[in-house]
Every structure is written in structure tokens, then in C-alpha cells.
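Engineer: Following the hints, complete the assembly by docking chains Y, S, D and Z onto the known chain B.
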Amino acid sequence: MSRLNEVFKKLYKIGLVVTFAYFLLFLFYDIHNLDNNRKRYLSAHYISEGVQETGAINLVASVLYDYRAFDTLGEATMILTAATVLAFLVPISKATTFGTTFKSIVKQTVKLILPYLAVLGTYLILFGHVSPGGGFVGGVVLSIIAILLTITYSVEFSEYIVKPDQKKLVEDIGAIGFVLLGLLGVFTGSNFLANGQAYFGTGNAGEVFSAGLIPFINVMIGLKVGAGLAIIFNSLIKEK
Amino acid sequence: MEIAYVAVIILFCLGIYTIITKKNLIKIVFGVTIVESSLILLLMLVGYKPDGTAPILDKEYEIVVDPIPQALALTTVVIGGSVTAVMLVMVIKIHRRYRTLNIDEIRKLRG
Amino acid sequence: MITPGFLYLTGALLLFLPLHERIKYIISFLITTGALIVTFYLIPGYSLQLDFLNYTLVPFKVDSISKLTGLIFAVAGLAAVSYSVNICSLPNLRLIFVFIGSALTVVFSGDLFTLYIFWELMTISSSFLIIMASDFTKKTGYYYFLMHVAGSLSLLWGIFLQYSATGSLSLNAMEAGIPFVLIAIAVKLAFVGFHTWMPLTYSKAPFYVAVVLSIYTTKVGVYVMARLASGINILAYAGLISALFGIVMALRQNQVRKLLSYSIITQVGYMIIGISIGTFEGTSGAMFHLVNHILYKTVLFMAVGVVIYTTGKDEFDNLGIMRKKLPLTSIATLVAIMGISGVPFFNGYMSKTIIKDALHEPLLKLGLDLMSFGTSLMFLKLIYYAFIKNSSMNLVKKPTISMQLGMGLLTVMMLLIGIHPYLLENLTNIHVDINYFDKKHMISGIKPFLWSIAIFILFNKYVVKNYERLLYFDIYRKMGKLFVTTGYVLSNYHDGKLNKYLLWATTTLITLLLLLMF
Amino acid sequence: MEAAVWVIILPLLTAFFLGISKLYFKRIFFYLVTGSAIIYLYILIIVITHSYPPKVYSIGDWGLLGINVMVDPFSGLFLLMIAILFLPFIIFSMKYNKFLKHDYFIFAYLMVAGISGMVLTTDLFNLYVFMEVSTLSSCALSLYKKTDRGIEGTFKYLIMSTLGSFFILLATILTYYLTGTLNMAEIPLAFEDIPFKIKSTMMTLFVFGYAIKIGLIPLHAWLPDAYEDSPIPYNVLSSGLVLKSAVYALIRVLYIMFGIDFLDESGMLTIGVFWGVITFLIAHCLAFQQSNLNRLLAYSSIAQIAYIMIGLFVGTEAGLIAGSFHILNHAIMKGTLFLVVGIFSYSLNAVEKKDIKGLGYKFPILSFTFVVASLAIVGLPPFNGFMSKWLIVEAALEAGFVYAAFFILVGTFLSLTYYLKVIVTLYTKNEEELLIEEPSLSLKLPTFFLGSLCIVFGMVPSLPLNLITKIPTFLLDNGDYIRILLGG
Amino acid sequence: MINIVFYLLLLFLIITAFFMVFTKDLSNSVITLPLFGAILVIIFVILQAPGVALAGAIMTAGLTTAFFVITINKTEY
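Chains as they are written, first to last, in this note's numbering: chain B, 211 to 450; chain Y, 24 to 134; chain S, 1063 to 1580; chain D, 201 to 688; chain Z, 65 to 141.
Hint data in this document are derived by calculation from the structure and do not stem from the laboratory.
From the three backbone atoms N, C-alpha and C, an ideal C-beta is built for every residue, glycine too.
Heads up, some of the hints might be wrong.
[To be verified] Some, not all, of what chain D presents toward chain Y, calculated at C-beta under 10 Å:
#1 Tyr328
#2 Lys356
#3 Leu686
So here's chain B without its partners, still in its complex pose:
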């Protein structure tokens, strides 16, 4: 009897999900049939005017760090929150690493890779407004340095190179710097997080030092994300 009940329950769950899928299918079908080329004046404006207004070739960067920079502030806060939660949940203690120790070839490879990673991360951050990438992606690449150190050597070593306190400090400085860069707009008589509208000089589109504050914001976000993800990873590793 209980078996039958079990089967029935499973069928019920599948039924629920399938019904929902059916609804979604109809919804998407209706939306799709509605009007395929609905006018999106917002994105049209971004595409046609974005480069002049913000000075960043990478439109995603200009949306992310200028038009909708407030979202990015929330997103940065999100990482900081997660990092703080993890750092809080994991008490400061000795770490337990993976059971296997790596051969020396791994360690050597990692040693070789690390500088490249550093360069890659810096490139992604600094050229975020002219090419794909940006502060977020670059930050993650930078954090991978710490992560690789942790994986190949040990948490102790990784934290000897960069102390957890320092990481936390970098993260907070990144976040504060982001807000302060935003406030720069207020100080120059414009609005909060103003960049394109605050005449910081958009420069020649396509150059590194262009697009006003966007490169600097990229740097801040990069620092923040890198440090935050490194904290998250190390905390997870240290959790025992």
C-alpha cells in the first residue's frame, strides 16, 4: 500500500511539473507570437548613443557600470554578503585539505601558470570597457590565483601569501571605493554614480584611459570580487 502511495506521490509531483511546463510553453508561445519585433527603444538608444555617452566600446560594461551601475552596487554587496557569511560560519582554525597530495609537476605547472593568470586578470579588468570581460570576470581570474595556491599547496600556504585579513580589507576597500567613486558624481554637482553625465571626460572610445570612471570602477569591482571569491573558497576549504 505504501508503495502504491509512493508511486502516486511521484506521479503527482511529475504531473505538477509537467502542468507547469505546459503553462510556460503556452506563455512563451503567446509571447513569441505576439509581435516579434517589438520596439525596444532603451536598447536601441544604448546601441546608437551608448558609445558617445559613456565612452566605453563594450556596451555591456557601459550598461553595467554606468546606466545600471546601481545594480552592480547590489551585486557587489551580494558577494560581500556571501563572503562574510562564509567567513563567519567557518571559525578560524586549522584547515583540512584534500586527501591527495599532488606530484611536483603539478606544483611546477601552477607556479608557471600563476603569473599568466595575474596578467590575464589585470588585462581583463583594465580593458573591461573595450573588450569582453570586465571587473567581475577579471576579479574571478585573480581569485583563481589564490584558489590554485590553496589546492596545490595548502590553505596555510595560500593564507601565508595573502592573509585572510588582508583579503577582507581588499574586499572592503573595493566596495567602499566603488561607493566613493559613485559619490564623486555627487561632489562634482551631478547625481550619485554619475559617470557619463558628469563630464569626467569620456575620452576617445577604444582607448584604455577613456570612458570616464568605468576603468576605475572596474578595478574596484575586480579587487572586490577577487578577494571575495578567494575568501569564499578558502572558507569552504577550511570548513571541517
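Structural biologist: For chains Y, S, D and Z alone, kept in the frame of chain B given last:
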């Protein structure tokens, strides 16, 4: 490209199904990841225009895909990553306390 | 303008001051006498208006009926406070002040909103009075509070119906939602079926609490009934049934205060009958009866209180102490019993006569006689235990002076009204054209009393018998059990399984989709 | 209206600086937390006083191209709630948490930043982002004790609210797909010519997502679990602000984006009222069974929020006023109750119903505050809960939801049953010797402050109603809101 | 041509997702996760979103997988 929307629906519902049926905590987090990915895919599809180029305007262009969904997607990725990380560390914590990953045995709270 | 209810509430606030213990006597004396004087000099027709949100409220309005009621409330307040000031603790005294103050405000309120608020405040303060009073009254207080809140919510619903039907909150006879208002009043005046709180509370609560409660709770119900639902003829029969039920139950009790509480049900029956007639005579008879009833029932409760205070219990056997050691209490009790039985030249006679005169239906008249008869019978039982049966009780404590003072005040007033009934009429300008002391009225008044004496002597054995098994059936507890069981079953569904919760969520989603799509 | 954006930035900055102070400048911690809270209060008051007529602040000066922040009376109400609750919360938790205070206050400030962001923003996606911020930091606070039950409850909370977030995000993306914009003023204009079916499905997704966060039955199960073993001052903010911010978002989305006409047409109003009635009836039944005070108060929160939903969903001006007033009142009353329970748990570790036996005589004034707040939450006069319930019932009757009005009174009775039980336990004499740590003034003062507000708002309801009566102007008819947001 | 590749990729995406969910062994799931992420990244590139592709590559395929691996490592032994 329309079939991609179907894929989104399938992934979304699969994720929801995983969340509501699977007993293993880690499987539930997998479900969360899948739903998240499906939503990012949906964002990309929403922004996509046939024959468009990427929104990096360093050369001549005719049709450019919508940059806004891509920006939203980046934000979503970060948020999803943070939430997943917090969930996973809590899974570890729960395993430390309860010595199990089975969701039916994690029920000290009831009533 | 200082209203008496406001005075009492201020008194409650004043008692919060971190003053010397002795100061409470002064404050109580000042407030109670002050309220009495203020009430005495109120001019009928005066009213006070107040803008509150979108409503125009009339928190204070005087007319002859409310003045009469307010006056007796103030007098009884003076007596009750001076009776209990010595015994009760400071928090309880505060609650008593709030209780009396809100009762007085209800009496003088001119709109439904104020009426409801202070009606509820009465409930709250009296319940806390019961809960805080002693260790044995927690459950009783719980029960009392729930019962009365149910009643007042019913009143609130009636008020809402009235408001949405007429768009005004003024205090007229209700046009919509009468059944709900009647339920509320029925709970308050312990109508049969809604009376379960009453014997429970009055027998368990400390005696001074019972005194204070017995003065106001039911009487406010009667007053509001006279205001909101007067002239519904069918209710007269209901009142009769309630009263007869009260008599039957009262005769089967083995605790003095339970007897007294069932006797309240009987007496309230008189008032219900008077109000339901709807004529001027009927209503004023009911109001006069309210005054008289407060007087003698308070004295009786106080006397029982003295017995409890001096001997520690309120079994019938303990009453024997009265004859031997408490002369003043004995006199007061005798006067009150004469009054409640409707013997001429005592105060109950006057109002009973008015009600009887206002009645025209023979069945009801017969019922009224029966009620008088039953009342006398049950109090003969009391007399038997107090003055006839031998007992060997000893005093534990002497009654305090303030207790006797409060009782004495009311006894004197009873005697005054009894001998000169026109006093009340003159005081309030309500003139009922009746000659109380002619032959016809006198005979009809004394007849039930004499009958009851005869019956008592004949069937002494049955009346005085101590009943072991008490009739007690409570449907409300059954309903409460249903509520608890439902909650238990529901809470068992919350067994901590996350899958289950998520499944509920998804089911809700699909349900919502289905509901909103089609 | 520069101050509006400071409402969001200041707590964020404080949280960031607290992170540094935790490592390097431990000494300035106290001054940082309290000083920032006081300045925050000042800013909030400025913003609230300027909330009528609504003001728009464009972030980045992009106008409609970017994200805008708008203060209108409805968000002003929420800022008022933050202003009332936040400083008492800070003062209380400063003493309540005996160790590890830094992280606690970081999370608290992040949570308040998230909530104020949700309340102020006019961008749909930004709303989602800030909602996630507040949810995650709220989770962090609720597992703050690191006990088994705390972590388990938080995990359930996190999973459930993530599920809700997914649906909200899905609906947000679809909204962008349909309209090409995320600005709350432009969406309703673009929504006008969209078929009924699409709109109603989208609305369902929004409603479902937010309803999980609100905790309507049967989506409520995470709520008592998350409350049971969390730091009690957090529960004040959680029931007062986190749940309410979800209500805010739901109401904002429904009334502004979809409009009252569509709600009426699609039957959402009827469903909302019916759902509310079911919710509070069941929640009262469940609350009676609880022995843990936190759980009891959590179930009571569910019920009270159902009242709020009824008020907000009857779809009239009076209903909106009543519902908003109850939002404020519930925050105050539940805050008082939680703070009193918090003091009990601080002094003698009492969170079960049986533990508080006899405390009425040990803490007379605190118990009196508890009694006042619980009578207020039950809805007895002359306290504030009665006023808002009166308004809700009146609005429901006026709008024709007679059954809802009737059941609200029934619910009042049911809620009395369990609160009275607690009160009676409080005043039952206990012979045992209790080891009591005397609560200090910084614990008592916030409690008394909130408790006195219960009485003040009950006696003088026109005080908050001055602000609240302006809410329907910009909510019931979305025309004004859209005009102000578009016209600048 | 690109369309066919795209459809195939979608098919693989769904298959990997199903495999990830329904396989019994958690290690199998966790190994499938970067595959899933990688397919997603290619789809993003086809959909002309290089920035998101980069982020997705690092986040979904990289870090999240690492988190899962750590979690499984910590919980199974």
C-alpha cells in the same frame, strides 16, 4: 532559435522538479544551479537578434544584440554564485551536525 | 466637563504614581466621592462631541436613564471601593478603578464606537482582575475573558452591520445586526445558555472581586439592552425562561456564591422582561429594578464576602457565623433578602411592582409571580442556614471597618428607597404613575413570599438538601476542544520535511495558475 | 532629493567600514554602529518628511535611461518603519549579543540597505537585486547562533526563498521580453495592449514568488522554522521589515504595473482576500499548538500579515489605508513582543512557554508591556492593533467582502486564545528559584519605547495616518505615479 | 550550419542536465556540472554574448564546480 525556448522551459522545470523531489541536499543545490542556468540562457535568448553581433562596438556594425540582458545576466550569475556558495556551506554545516544529507532526516524543527 | 468615568480612569493612572502606600486611601476616597458628586449634578441633555478619524463621536451624553444608571453605579462604586480598598493589592485596585470607570463611560456614551471601546475595556480590566486576583482563578479568568471577548466581538460585528447599513454610529435602537447585538448582551448579562462563565467566576474569584464584578458586568448588559434592543416582545418569554432556569439551578447549588450568581440570572430576567415590553413603564421599571438589584445583590455579595473573610470559606454551613458574631452583617443580609424577595416596604418591591403593572399578558404575569416565589424560596434557604440552623463556627479574623462602612451605606439606601419609593422617581424625574402602598399591589407583592414560606416549611427536606452531583454542561468547552484538535492535526502536517513544504508550494502555484487563467 | 540615495548608501558604507573595523580598528566599532544609526535616523526623517509629493532621484543622472529612485508615501511608510525599529534594534542587540558583534551588525546594516533599496527603487530588476541582498543577509542573521536548529531553519528559509526568487526573476525577464524596459512607469504603458492571458500568467508568477517570501499558507512552512532559533532582535526586523518588504514589492508590482482594473478583472483581488482569510484561520489554529514562544509569534506574524493582505487586496482607498496602517502597527506590536521575549531569553534563557511561568511578578513593567502589546496584536481597544483592524473590517465591508470582515473578528477571538494563554502563564506563580540576570537599561529602553508607541498610536491614530492617508493617491490609480516618474 | 550545431548543443545541454539530476552517484553529477557549464558557454558565444560567456565559464563551469567538489569531499568522508 525558437526551440531554445523549449530548452529553457525543460531546464527550468527539471530544476524545479529536482528541488521538490530529490532527497539529497546536494542534489537540491544542483537543481538550484540548473534553474539559474536556464534563466541566464533565457536572458541571452531574449537579447538575441538574428545575425546580430556582440555588443562590443569596435568595428562597423549593422545589427547588435541587446546589451541589457547581458548585463542583467552578469548580475544574475554573481547573485546565483553567491547564493549557491552560501547554500553549500550550509549543506556542509548540516552534514556536520546531523551526519546525513537525507532531507527527510533533517527535521528537528516541526510543529 | 469632568465625566465620572474619566475621573475613575484618572484615579487608576494616579495610582501608578510611586507614592506612599497610605495615599491610596485618600485617592480612592476623593475619586469615588468626586465621581458621585459629579454624577449627581449632571444635567440631562448635556452632550460632548469629538472628532476622531472620519467619525464624529459623542463620548459623553446624559439623559434621565443614563443618569439614573450612572448614579447607582457611582454609589455602588463608592461602596465597593470602600469595601475592598483595605483588602486588595494596588494593581487590583487600579484594575477595579479602570473597570468602574469604563462601566461609567459606557453608561454615558453617546455613540457605538465609544460604547464598544469601553465595553471591551471593561472586559479586559475585569478579566485581568480575575486572573491576577489569586492562584486559583487563572483558568476561570481565561474562560471568562474568552467568553466575554466573543460577546464583545459579536457586538462589534453588530455595530459594523449597523454602520454599513445606516452609515452612522449614533446610539439609537439597532436597525441591522440585532441578533449579534443580542448575543453580545446575552453573554454580558448571563442569559441562559450564555451564563456558563458566571457561577464559575463568582464562586472562584476572591470575594471583593466578585462584589465589584456583580455590580457592573450584568448591569451594563441590561443598560445597553435598554439602549439598543428595547421593545422586542418575544424576548420577554426568553427572559422568563432564563429566570426560571436560574431559580432551578440556584436551588441545586451547594455554594453560597453560586446561588447568588444564579439568582442574578433570575433578577436579570425581570429586567429583560421589563425592557422587552418596550413601553415607558416597562423600561423605567427595569431601570429601577437595576438600581434596586445592584443595591441588594451587592450587599448580599458583601455579606458573603465578610463571611469568607472571617471564616475562610463560602459553604452554606459557614453562614451560621452571621447570627452569632456579625450583627451588622446580619441586619444588612436580612434587609437585602427582604428586598430581593419583593416584600413591601423593602426596595425590591417597588420595581417589581412597576414591571408587573406594565405587563398585560397573563402568562407573563403568572411567570413573574413564579419568579418572585422562587427567589424567596432560594433565599429562605440562605436564611435557614444563617439564622435557624445551629452552627459552631468561630471567627478567624475580624471584618475591617471599611468593609462594614461600604455595606452599611448601601443598607441605609435600601431602607430609604423601600420606605419612600418616590425618592428614586424624584431624583431622576422619571415618574411612573403608581401608588405603591395600596391594597392590591401590597397583596400581590406579599403573596409569593408567604407561599414560599409555606412551601419551605413543608418541603424543608428537599430545599435544604445538599446536592452532590451538580448539573453542568458546557458546549463552549466542546467547541474549544474542536479548535485544539484541528490545530493539532494541522501541526502534525508540519513534520519538518522540506520536500513536503516545497510540494505544497508547487501545488499552490499550479492552483493559482489554474484559478487566474480560467 | 540627495538624501534618498543616502538612505541606501549609508548602511552599505557602514557595513563596509565595519568589515575593516573588525580587523584593524576594533575600538571605533561602538561609535561607528551607533553614530551611523543616529545619522541614518536623521536622514530617514528628512526623506520621510519630503515624501509628499513624491520625488524622483535619478541615479547616474540618466533619467529614464537608467535607474531611478523614488520616494512616495508608500515607501515613506516603510522608511518610517525602519526609522522606528532600527535604532531600538541596534541598542537592544548591542547588549543582547554577548560576543561576535561585528558580523552581526554588518549583516544588519546590509539587510537594512537591501530593504531600503527595495522600497525606494523603481526598477524591476533592481528590486530583485536588492531583494536578494536583503534575503541573503537575513538568512545570515537567522543562522547567527550557529545551532542545529538555526542552521536547519535557515537552510529551509534559503531554499524556499530562492525558489520564490526564481519565479520573480522569470517574470522579470519576461517583462523585459514583452516591454523592452524595466522602468516601473513605462511597463504599465507598454502593458496596455498585451493580451489578458499573458498578463495574468505573469502576474501569477509574481504573486507566487512574493507570496513565498511573505509566507502565506501553504507557503509559510519555512517561517516558523527560521524564527525558532535565531537571535531574537533579528526577529523584530524580520517580522517587521523583511516580510513587509516582500508585501511592499508585491503591492508595488501589482498596483503599479498591472493596475487596479486588471486586478479586479482577473479576480486577483478576490483570490487575495480569500487567501488571506484561509491563511489567518489556519495560522491561528497552528499558533495555539506552539510551545516555543518564537514559533508562536511567527505563526502570529503569518496571521497578521494575512490581515494586511486582506486590507491591501480589497482594492479600495480605505483598504489601502487600513492595510498600510496595519503594516506599521504590526511592526511595532510584534517588535515589542519579540523584544520582551528577547529580554526573557537574555535574563534566564527562557524561550519555551513553560519557562516564563511566574515572570509577571518578577518583571512587572516588562510583563505589562507584553500584555499591552499582545492585547494590541489581538485587536482589543484602546491599542493600535484595534484601530487598524477596525479600519480593515470597515474597508472590507465597504468593498463587499462581508465574509472576510466576519472572519477577521473570528480570527481576533482565535488569536486571543493563545496570547491569553501566554499571559496567564506569565502571571502564574512559580515556586522555583530562578537564576535571573538583571536586564540592563539598554535592553529595556527600546522595549518600552515600542510598547509606548502601541498605546500612543492607539489613542492618537491620526499621527501616522497623516502620512498613510496619502498612500492611495499614488498607488490605487497608477496614473499619478507614472506621470511623476516619467515627467520628472 | 550554425543552427544545427546550436540545436545539437541544446540537446546535449538537456541530456547533461538530466544525467546530472538522475544519476545515482553524486560524483557523476559533479563531473557533469562543468560539462553542462561548458556547453552553456558555447551556446552563449553562439548567442553573441562573450562577456557572459566568460563569466559563465569561470563561474558555472569553474568555481561552482569547485564548490560542489569541496562540499562532496567534506560530506562523504
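Engineer: Close enough to count: is the Cβ of D/Tyr328 nearer than 10 Å to one in chain Y?
Structural biologist: holds, 8 Å
Engineer: Holds or violated: is the Cβ of D/Lys356 closer than 10 Å to a Cβ in chain Y?
Structural biologist: holds, 8 Å
Engineer: Can the hint on D/Leu686 be confirmed by a CB-to-CB distance to chain Y that is less than 10 Å?
Structural biologist: violated, 19 Å
Violation of the numbered hints given earlier is confined to hint 3; every other hint is satisfied by the structure.
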